[in-house]
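If you want the building blocks of each chain, they are given just below.
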Amino acid sequence: MFELLGIPPQALFGQLLIGLINGSFYALLSLGLTVIFGLLNIINFCHGALYMMGAFVAWLALQHFGLGYWAALFIAPVVVGAFGIVLERTMLRRLYKLDHLYGLLLTFGIALIVEGVFRNEFGASGLPYVIPDSLTGARNLGFMVLPNYRAWVIALSLFVCLATWYVIERTKLGAYLRAATENPTLVQAFGINVPRMITLTYGFGVGLAALAGVLAAPIYQVSPLMGSNLIIVVFAVVVIGGMGSIMGSIVTGFLLGLIEGLTKVFYPEASATVIFVILALVLLWRPQGLFGRRS
Amino acid sequence: MAEPARREQVDAGPARTREIAPEAKGKVMLAVSGLEAWYGESHILHGVDFEVRRGEVVTLLGRNGAGKTTTLKSIMGIVGQRQGSVAFEGTQTIALPSNRIARLGLAFCPEERGIFASLNVEENLILPPVVGAGGMSIETIFTLFPNLKERLSSQGTKLSGGEQQMLAIGRILRTGARLLLLDEPTEGLAPVIIQQIGATIRRLKAEGFTILLVEQNFRFAASLADRHYVMERGRVVDRYESAELARNMDKLHEYLGV
Numbered sequence: 001m002f003e004l005l006g007i008p009p010q011a012l013f014g015q016l017l018i019g020l021i022n023g024s025f026y027a028l029l030s031l032g033l034t035v036i037f038g039l040l041n042i043i044n045f046c047h048g049a050l051y052m053m054g055a056f057v058a059w060l061a062l063q064h065f066g067l068g069y070w071a072a073l074f075i076a077p078v079v080v081g082a083f084g085i086v087l088e089r090t091m092l093r094r095l096y097k098l099d100h101l102y103g104l105l106l107t108f109g110i111a112l113i114v115e116g117v118f119r120n121e122f123g124a125s126g127l128p129y130v131i132p133d134s135l136t137g138a139r140n141l142g143f144m145v146l147p148n149y150r151a152w153v154i155a156l157s158l159f160v161c162l163a164t165w166y167v168i169e170r171t172k173l174g175a176y177l178r179a180a181t182e183n184p185t186l187v188q189a190f191g192i193n194v195p196r197m198i199t200l201t202y203g204f205g206v207g208l209a210a211l212a213g214v215l216a217a218p219i220y221q222v223s224p225l226m227g228s229n230l231i232i233v234v235f236a237v238v239v240i241g242g243m244g245s246i247m248g249s250i251v252t253g254f255l256l257g258l259i260e261g262l263t264k265v266f267y268p269e270a271s272a273t274v275i276f277v278i279l280a281l282v283l284l285w286r287p288q289g290l291f292g293r294r295s
Numbered sequence: 001m002a003e004p005a006r007r008e009q010v011d012a013g014p015a016r017t018r019e020i021a022p023e024a025k026g027k028v029m030l031a032v033s034g035l036e037a038w039y040g041e042s043h044i045l046h047g048v049d050f051e052v053r054r055g056e057v058v059t060l061l062g063r064n065g066a067g068k069t070t071t072l073k074s075i076m077g078i079v080g081q082r083q084g085s086v087a088f089e090g091t092q093t094i095a096l097p098s099n100r101i102a103r104l105g106l107a108f109c110p111e112e113r114g115i116f117a118s119l120n121v122e123e124n125l126i127l128p129p130v131v132g133a134g135g136m137s138i139e140t141i142f143t144l145f146p147n148l149k150e151r152l153s154s155q156g157t158k159l160s161g162g163e164q165q166m167l168a169i170g171r172i173l174r175t176g177a178r179l180l181l182l183d184e185p186t187e188g189l190a191p192v193i194i195q196q197i198g199a200t201i202r203r204l205k206a207e208g209f210t211i212l213l214v215e216q217n218f219r220f221a222a223s224l225a226d227r228h229y230v231m232e233r234g235r236v237v238d239r240y241e242s243a244e245l246a247r248n249m250d251k252l253h254e255y256l257g258v
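Chains as they are written, first to last, in the numbering used here: chain A, 1 to 295; chain B, 1 to 258.
Rather than coming from a laboratory, the hints here were simulated on the basis of the structure. All values reported here derive from a predicted model rather than from experimental measurement. Mixed in with the good hints, there may be bad ones.
Covered, in the sense of this in silico footprint (three residues per stretch, anywhere, with C-beta under 8 Å from a C-beta of chain A), are these stretches of chain B [stated by the list, open to error]:
| # | segment |
| --- | --- |
| 1 | 56-63 |
| 2 | 72-79 |
| 3 | 126-135 |
| 4 | 141-153 |
Sample of chain A residues lacking proximity to chain B, with all beta carbon distances greater than 12 Å (derived) [stated by the list, open to error]:
| # | residue |
| --- | --- |
| 5 | 37 |
| 6 | 168 |
| 7 | 185 |
| 8 | 197 |
All C-beta atoms in this analysis are idealised placements derived from N, C-alpha and C, irrespective of residue type, glycine included.
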């Protein structure tokens, strides 16, 4: 068995896999945050709570309606997306012309309320959610053992991220979205219903968070705090990638997941802080983020 | 009121290729009366009155800050708050959101051109949705502005100022809108480009487009328009048919401070 810098390959690839899994969630969440910030000018602090809601919708659908994982992959984004649309229509809409701070405060408050309600209802300890039968098991790749479910998470999130990138950067619908991000007034004066587009974009962004929640349910436990544990790192990812770049948020998400995994192998003490060290360095060297445009 | 006979004299140009019924031509297309507008706390328009008839080119003249741009924006519904009456083809638009107003068949070309940096030239060109039948084909737009054809995959804001202006005008010709609101299309452009834009506006008029033009460049406006309205401090203070211009140059110079 060969070793790399004194590290057994199983450990190295194992941590890289965990890094990719974490990266999948970072990418899905930071993608939604970026799209929402671009069009709504809102830093969506309740993104983690909505991710948690996605996992709970999957859990509740199974417990109360017998609807399994595959159904949950569709139901959770739709239910949480609809909840997001109600939030946007009733509250966020009033804040677009104000300073970022108001949106941040409101969504932070929403996060506290949502998490509080779930904690009150389900307790703080995690609830288990089993991997669907068709995705159990693992395959031996020779250099490592790859659990099927983890491969599925990475593949699906990569697919969803790239599909989102394609729609935004390469289609007519995406052109409307990019144009409205730059100059919503003019786009509306061309005859496009920009307020409706904003509502649907928010619904889509939080739907991505809910999808990530369903993907996460069998890996982590379903818990009211699963979102707040993750969201701080995700915000660091968004800032490192540069607010507003779609591909930037995807690449940075996966990359930082991998870096985190590698750090666990080579210098475990720093694994919890490495992303924030990178954040500080990036802010010093390139304040607009790795992929951000200088404004 | 502009009696049709005189107008026919003025715009006796190339044959009209658009499907405007003869009896419809010359009917009031846009009637603005008592229009007031605000940006936040500041009251910009204090009761603007004028009208544009089908097939006409009408200009709003006036010094900086007279309210010309705000008038165009108020017609499109993109100011903070507006009051009064803006009727387009008989439809009252004062309470409509701007996307509904655009769908009635108006299109706006803003002073700053509003080319999108995150879209390439082609995406910019096809961005505005079609709001009516009879819009120009892309090929026809390329015959007006051949430069655009060679720059289709360039980023929108990498174009020169003149090309950006052509793109800003070109993209609203596709939509089938019948009334074009052009805000200072010659601003900051070289004389040869200004000539090209002037020729384009003449051609659009010949094709039956109706145009409301805001211009600082008086000589440019005088050569194109059927009628001129002079604005001062948020009101229309005077109007001249194109034939009356020569007789009133002194007064106009006074208004415009040239």
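These are the hints, each one checked on the structure:
1. Counting residues of the segment 56-63 of chain B whose CB lies closer than 8 Å to any CB of chain A gives 0, so the stated coverage by that chain is violated, three being the minimum.
2. With a cut-off of 8 Å between beta carbons, the segment 72-79 of chain B has 3 residues touching chain A; three or more are needed, and the interface restraint holds.
3. Only residues whose beta carbon comes within less than 8 Å of a beta carbon in chain A count, and the segment 126-135 of chain B has 5; three or more means the coverage holds.
4. With a cut-off of 8 Å between beta carbons, the segment 141-153 of chain B has 0 residues touching chain A; three or more are needed, and the interface restraint is violated.
5. The claim that residue 37/A is not at the interface with chain B holds, since no C-beta of that chain comes within 12 Å of its own (minimum 14 Å).
6. Residue-level check failed: residue 168/A sits 10 Å from the nearest beta carbon of chain B, not beyond 12 Å.
7. With a cut of 12 Å on Cβ distances, residue 185/A falls inside the contact zone with chain B, its closest approach being about 5 Å.
8. For residue 197/A, the non-interface assignment is contradicted: its Cβ lies about 10 Å from the closest Cβ of chain B, within the 12 Å cut-off.
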